[in-house]
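Protein chains: 2
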Amino acid sequence: MTYYPEPILKLIDSLAKLPGIGKKTGERLALHILHAPNHEAATLAADIIDLKNRIQLCSVCFSLSDKDKCRICADPSRDKTVICVVENPTDMAAIEKSKAFCGTYHILGGALSPIDGIGPDDIRIKELFKRADPSQIKEIILATKTNVEGEVTASYILDRLKRTNIKITRIASGIPMGGDLQYIDPLTMQTALEKRYGF
Amino acid sequence: MTYYPEPILKLIDSLAKLPGIGKKTGERLALHILHAPNHEAATLAADIIDLKNRIQLCSVCFSLSDKDKCRICADPSRDKTVICVVENPTDMAAIEKSKAFCGTYHILGGALSPIDGIGPDDIRIKELFKRADPSQIKEIILATKTNVEGEVTASYILDRLKRTNIKITRIASGIPMGGDLQYIDPLTMQTALEKRYGF
Numbered sequence: 001m002t003y004y005p006e007p008i009l010k011l012i013d014s015l016a017k018l019p020g021i022g023k024k025t026g027e028r029l030a031l032h033i034l035h036a037p038n039h040e041a042a043t044l045a046a047d048i049i050d051l052k053n054r055i056q057l058c059s060v061c062f063s064l065s066d067k068d069k070c071r072i073c074a075d076p077s078r079d080k081t082v083i084c085v086v087e088n089p090t091d092m093a094a095i096e097k098s099k100a101f102c103g104t105y106h107i108l109g110g111a112l113s114p115i116d117g118i119g120p121d122d123i124r125i126k127e128l129f130k131r132a133d134p135s136q137i138k139e140i141i142l143a144t145k146t147n148v149e150g151e152v153t154a155s156y157i158l159d160r161l162k163r164t165n166i167k168i169t170r171i172a173s174g175i176p177m178g179g180d181l182q183y184i185d186p187l188t189m190q191t192a193l194e195k196r197y198g199f
Numbered sequence: 001m002t003y004y005p006e007p008i009l010k011l012i013d014s015l016a017k018l019p020g021i022g023k024k025t026g027e028r029l030a031l032h033i034l035h036a037p038n039h040e041a042a043t044l045a046a047d048i049i050d051l052k053n054r055i056q057l058c059s060v061c062f063s064l065s066d067k068d069k070c071r072i073c074a075d076p077s078r079d080k081t082v083i084c085v086v087e088n089p090t091d092m093a094a095i096e097k098s099k100a101f102c103g104t105y106h107i108l109g110g111a112l113s114p115i116d117g118i119g120p121d122d123i124r125i126k127e128l129f130k131r132a133d134p135s136q137i138k139e140i141i142l143a144t145k146t147n148v149e150g151e152v153t154a155s156y157i158l159d160r161l162k163r164t165n166i167k168i169t170r171i172a173s174g175i176p177m178g179g180d181l182q183y184i185d186p187l188t189m190q191t192a193l194e195k196r197y198g199f
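If you're matching them up, the sequences are chains E and W in order. So for the first sequence, the numbering used here puts the first residue at 1; every next one is plus one. So for the second sequence, the numbering used here puts the first residue at 1; every next one is plus one.
It is worth saying that the hints were derived from the structure and are not from the lab. Hints may contain errors.
As the list makes no split between identical chains, a pair holds if one copy fits it or if it spans any two.
In silico PhoX-like cross-links for lysine-lysine, where the CA-CA straight-line distance does not exceed 25 Å [to be verified]:
1. Lys10 with Lys52
2. Lys99 with Lys24
3. Lys167 with Lys145
4. Lys17 with Lys52
5. Lys97 with Lys24
Only a predicted model underlies this, so the values are computations on that prediction, with no experimental measurement involved.
Next comes chain E alone, as it looks inside the complex (with noise of 0.2 Å):
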């Protein structure tokens, strides 16, 4: 590709490191911007910064943010006493997709992998006991993957507060098992919220 010239090259490579963009898409991409008005490439550049300095955390529920509160656990009409235990952003993407829900979240930031070393103090379940207080809380909705981390994270969570007062729930299956809740069309997912069982 080494006839044009060094400022195409280096974003082709730039793009090319994205998922699922290769050299030839990232030229198409590429060429593209460099036709597109100067506004629409300035606007691109700039949200890729604004993304990388203004998304945080929530402070309560460890959802993306860009406030110390995120939308959802600022948003007065949402069930506090609700708390929907996931193991990322996107899987809780996917759930308020799917407008089944209108509690809260506590994201975990991963699962249980004891073969891959990553153990309750690597993800973040004790943040999640610590919000477990029965006189706040009523339900725990466990809404792991239901691969064998996702059930295992699970399995260990219900374990530690099945003698709580607090009612522990499991998303329901209808989701294939292995099935990551990413991919999960909207009516499944709502079917799965609704069909949820205590243990």
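For this one, chain E is given, so just place chain W on it according to the hints.
Relative to the frame of chain E, chain W by itself:
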């Protein structure tokens, strides 16, 4: 997608303006950028700005360049007596990829298209005629596309230059190398037969 904080939504929107990237891919890319190392995101943003600021057109051939003269026009090993006329920089890139040409280029910046109201003054044909000095140039290869607009453009240039001492040639059309005759469209087949050559 309102469940994402605003900086993420803004970046998804900006990414979704790129060709072949929709909201879904934009979401995936934005989340990748969010989790990528800071320097990687910063580089991507800087490369976008850099591209817009540093790329100009070569003052000789009008190809993309980061200097007044592009790499090819500035290269003493390239044959300055042969000009290959193409419609745009991607066509030039395709020819460079073949490594079969060691002359210079002239990028028209489009093709004649009466239907779309694109006449000789709308593309860089005048600039080509200015370069077509018989004391400097031996051959002009017309490598405009093989569609109606490309053929019209080639004919127009041929018509204006055929009375000079410069040899005017047209890039060959026919069956692609390794191409299966079975899948060749009738027009290409017709051309391939008409342009057949003896040994």
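Going down the list of hints, with the structure as the test:
no. : hint               : in the structure
1   : Lys10 with Lys52   : both (21 Å within a copy, 12 Å between copies)
2   : Lys99 with Lys24   : between (38 Å within a copy, 18 Å between copies)
3   : Lys167 with Lys145 : within (20 Å within a copy, 69 Å between copies)
4   : Lys17 with Lys52   : both (17 Å within a copy, 20 Å between copies)
5   : Lys97 with Lys24   : between (33 Å within a copy, 13 Å between copies)
This entry satisfies every hint, going by the numbered hints stated previously.
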